[in-house]
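> Sequence:
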Amino acid sequence: MSAKILESLDNIVGPKDIYHVFNDSSYDGKVNLDFHNTEPHRDEQVSDQWQAERHHQESMNIEYMQKLQQEENMKLVFASPRGGECRMSPRSKEEAERDPNLKEFIENNHVCECLKNTKRISELNSEEIFAVVLIGGHGCLIDFPQSNELPQLLQNVWYQNRGIIGAIGQGSIALLNMKSDKGQPFLKSRRITCMSNEEEKSLKEEVPYYVEEKLESVGARVETQSPFKSNVIVEEERLISGQNPQSSHEFSQRMYEMIKRHNKM
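So the sequence shown is numbered by our numbering: it starts at 491 and just counts up by one.
It is possible that some hints are incorrect.
Said to hold, decoys possible - Calculated lysine-lysine pairs in the BS3-like style (CA-CA distance at most 27 angstroms, straight line):
#: 1; residue 1: K593; residue 2: K606
#: 2; residue 1: K609; residue 2: K583
#: 3; residue 1: K609; residue 2: K593
#: 4; residue 1: K694; residue 2: K719
#: 5; residue 1: K593; residue 2: K583
In short, the hints are calculated from the structure, not lab data.
The task is simple: from the sequences and hints, build the whole structure.
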């Protein structure tokens, strides 16, 4: 079975998104990293303060997943809803001074180059995709729900390919509009986690809505733990979610183990 993985990453600054592939000796497919690039003028219902904050890149999430995949010789492809160029935020660079692994990641010339060219989600062949990973940040609160292609991609991967879906932080909002094979909300009665209301409120940043409330509105069983502590939920052996950036390392490890196990089946 080929393993083509779509990873969704957040808070891109720029008009488009990113595409890149790493050589792979053990898998027959690609790992896709999906970014966002919401344009401020498109979202008049949110304030200028929030417009700026949602363009901070969740580099820690990206770095942990990418480092894990590189160590296992898996292919990585960068993609996004609209495609184009993105750049790291000043906040990401500040975080890197406290995290050696993150610092190595954002200073890698190869990584910087691949962040300049992405592939649109609409251009992806869902038949080749074995797993989708949706990594959060405030940008996806706009980009994910507005994408018509993303829910269809998720449905194809889950039902047709019997593939894996992973989401971390606010990235879980991508499953809001996903439907079951019976046309019902996919998340109805399913366990999942996401950035909690308590965590979002503690950040004191203006957001258009809380992901936890949105997911509960379609019947999801949202399970959150203490603020900013690692929390990962696995449902039906193919749906994995992490609560926040602090869950990145555990999420990446569990995601890889799940992909590797299913790839051998």
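> For each hint, tell me whether it holds in the structure or not.
Against the structure, the hints come out as follows:
Between K593 and K606, the direct Cα distance comes to roughly 19 angstroms. Compliance with the 27 angstroms bound is thereby established for this hinted pair. Of the supplied pair hints, the one linking K609 and K583 holds, its CA atoms being roughly 25 angstroms apart against a limit of 27 angstroms. The suggested pairing of K609 with K593 holds, with an alpha-carbon distance near 25 angstroms, which does not exceed 27 angstroms. For the hint pairing K694 with K719, the CA-to-CA distance comes to about 18 angstroms; that is within 27 angstroms, so the pair holds.
Between K593 and K583 the alpha-carbon distance is near 7 angstroms, which keeps this suggested pair within the 27 angstroms criterion.
When the structure is compared with the earlier hints, no violation turns up for any of them.
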